[in-house]
Amino acid sequence: QKEVEQDPGPLSVPEGAIVSLNCTYSNSAFQYFMWYRQYSRKGPELLMYTYSSGNKEDGRFTAQVDKSSKYISLFIRDSQPSDSATYLCASRDTGFQKLVFGTGTRLLVSP
Amino acid sequence: EAQVTQNPRYLITVTGKKLTVTCSQNMNHEYMSWYRQDPGLGLRQIYYSMNVEVTDKGDVPEGYKVSRKEKRNFPLILESPSPNQTSLYFCASSSGTSGIDTQYFGPGTRLTVL
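Residue numbers (my numbering), protein chains in the order written: chain A, 40 to 150; chain B, 151 to 264.
Please keep in mind that the hints were generated in silico from the structure rather than gathered at the bench.
Do not rely on the hints blindly, as some may be mistaken.
What the hints assert, rightly or not - Derived pair list, reagent style DSSO-like, types lysine-lysine, alpha-carbon separation capped at 30 Å:
#1 A:Lys109 <-> B:Lys221
#2 B:Lys167 <-> A:Lys109
#3 A:Lys137 <-> A:Lys81
#4 A:Lys109 <-> A:Lys41
#5 A:Lys81 <-> B:Lys168
#6 A:Lys109 <-> A:Lys137
#7 A:Lys41 <-> A:Lys137
#8 B:Lys219 <-> B:Lys168
#9 B:Lys207 <-> A:Lys41
#10 A:Lys106 <-> A:Lys95
#11 B:Lys221 <-> B:Lys168
#12 B:Lys168 <-> A:Lys106
#13 A:Lys109 <-> B:Lys219
#14 B:Lys219 <-> A:Lys41
#15 B:Lys215 <-> A:Lys137
#16 A:Lys41 <-> A:Lys95
#17 B:Lys167 <-> B:Lys221
#18 A:Lys95 <-> A:Lys137
#19 A:Lys109 <-> B:Lys168
#20 B:Lys219 <-> A:Lys95
#21 B:Lys221 <-> B:Lys207
#22 B:Lys215 <-> A:Lys106
#23 B:Lys167 <-> A:Lys81
#24 B:Lys207 <-> A:Lys81
#25 B:Lys207 <-> B:Lys167
#26 A:Lys106 <-> B:Lys219
#27 A:Lys81 <-> A:Lys41
#28 A:Lys137 <-> B:Lys207
#29 A:Lys95 <-> A:Lys109
#30 B:Lys167 <-> B:Lys219
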């Protein structure tokens, strides 16, 4: 079993839709949870992070972690064609720099 | 501009011909890491370095070598490349402190081994 599981998609939505991207993880020691966005032919860039459980909002993006169910979510409101990218969830333990990534979900937002 | 640079960006080579992919960061970061990205497998860590002269294996180190003689540079060496090392490679760096610590990724090197 992979430590972080993610549906590869692709997920296709119309512009303006609410997008929900999800991951599950198996390692109870994970405390930091990140979402990276990767455009085609580019390196991943950090989009959002959360520590432990809870929600974090940044503009149209909301990251949510439920440690009881080991579930990580990213919500995108009013999705735009420029949001079309691969979204990677990642987690790590406290004190360790190693990130464990999901396989990434490809999102396509059509105008 | 804070950045991680990699060279070359694209490389086609033949089996057994030694190659080096360079990685450099200008953020004075202590932690550097190499990943490979393959369809369906995501990003997997090859090697990482916590500081100068300190390196350790990641999840898929076989067939790779690294060195960290200077803080800013972390080259990836393939002594005898094989076709199964055809992949997209990313170098990343972070300050290495505990807590939320953003890893910055380079633009990637697409390697094809024939």
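Hints, one by one, checked against the model:
Of the supplied pair hints, the one linking Lys109 of chain A and Lys221 of chain B is violated, its CA atoms being roughly 36 Å apart against a limit of 30 Å. Under the criterion of a C-alpha separation no larger than 30 Å, the hint pairing Lys167 of chain B with Lys109 of chain A is inconsistent with the structure, at around 44 Å. Distance restraint check for Lys137 of chain A and Lys81 of chain A: the Cα-Cα separation of roughly 21 Å lies within the 30 Å cut-off, and the hinted pair is therefore satisfied. Proximity of Lys109 of chain A to Lys41 of chain A is assessed by CA-CA distance (about 13 Å); at most 30 Å being required, the pair is judged to hold.
Restraint check for Lys81 of chain A and Lys168 of chain B: satisfied, since their Cα atoms lie roughly 25 Å apart, inside the 30 Å limit. Taking the CA atoms of Lys109 of chain A and Lys137 of chain A, the gap is near 19 Å; set against the 30 Å cutoff, the hint holds. For a cut-off of 30 Å, the pair hint linking Lys41 of chain A to Lys137 of chain A stands: about 15 Å separates their Cα positions. Restraint check for Lys219 of chain B and Lys168 of chain B: satisfied, since their Cα atoms lie roughly 20 Å apart, inside the 30 Å limit.
Between Lys207 of chain B and Lys41 of chain A the alpha-carbon distance is near 18 Å, which keeps this suggested pair within the 30 Å criterion. Between the alpha carbons of Lys106 of chain A and Lys95 of chain A the distance comes to roughly 14 Å, so the proposed pair stays at or under 30 Å and holds. A distance of roughly 24 Å separates the Cα atoms of Lys221 of chain B and Lys168 of chain B; the hinted pair therefore holds under the 30 Å criterion. For a cut-off of 30 Å, the pair hint linking Lys168 of chain B to Lys106 of chain A is broken: about 45 Å separates their Cα positions.
The straight-line distance between the Cα atoms of Lys109 of chain A and Lys219 of chain B is roughly 39 Å, outside the 30 Å bound, and the hint therefore fails. Distance hint between Lys219 of chain B and Lys41 of chain A is unfulfilled; the C-alpha atoms sit about 33 Å from each other, more than 30 Å. With a C-alpha separation of about 18 Å, the suggested pair Lys215 of chain B and Lys137 of chain A falls inside the 30 Å cut-off, and the hint holds. With a C-alpha separation of about 25 Å, the suggested pairing of Lys41 of chain A with Lys95 of chain A holds against the 30 Å cut-off.
With a C-alpha separation of about 27 Å, the suggested pair Lys167 of chain B and Lys221 of chain B falls inside the 30 Å cut-off, and the hint holds. Between Lys95 of chain A and Lys137 of chain A the CA atoms are separated by roughly 22 Å; this keeps the pair inside 30 Å, and the hint holds. Distance check on the hinted pair: Lys109 of chain A and Lys168 of chain B sit about 43 Å apart at the alpha-carbon level, beyond 30 Å; violated. Of the pairs offered as hints, the one joining Lys219 of chain B and Lys95 of chain A is violated, with about 39 Å between alpha carbons and a cut-off of 30 Å exceeded.
Taking the CA atoms of Lys221 of chain B and Lys207 of chain B, the gap is near 18 Å; set against the 30 Å cutoff, the hint holds. For the proposed pair Lys215 of chain B and Lys106 of chain A, the alpha carbon gap of about 37 Å is over 30 Å, so the pair is violated. The straight-line distance between the Cα atoms of Lys167 of chain B and Lys81 of chain A is roughly 27 Å, inside the 30 Å bound, and the hint therefore holds. Straight-line distance between C-alpha atoms of Lys207 of chain B and Lys81 of chain A comes to about 25 Å, which keeps the hinted pair within the 30 Å bound.
With a CA separation close to 23 Å, the supplied pair Lys207 of chain B and Lys167 of chain B stays within the 30 Å bound. For the given pair, Lys106 of chain A sits about 40 Å from Lys219 of chain B by alpha-carbon distance, which is inconsistent with the 30 Å threshold. A C-alpha spacing of about 25 Å is found between Lys81 of chain A and Lys41 of chain A, which places the hinted pair at or below 30 Å, so the restraint holds. A threshold of 30 Å between alpha carbons decides the hint, and for Lys137 of chain A with Lys207 of chain B the separation of about 11 Å falls inside it, so the pair holds.
Taken as a hint, the Lys95 of chain A and Lys109 of chain A pair is honoured in the structure, with Cα atoms around 16 Å apart against an allowance of 30 Å. About 23 Å separates the Cα atoms of Lys167 of chain B and Lys219 of chain B, which keeps this hinted pair within 30 Å; it holds.
The structure is inconsistent with the numbered hints 1, 2, 12, 13, 14, 19, 20, 22, 26, although it conforms to all the rest.
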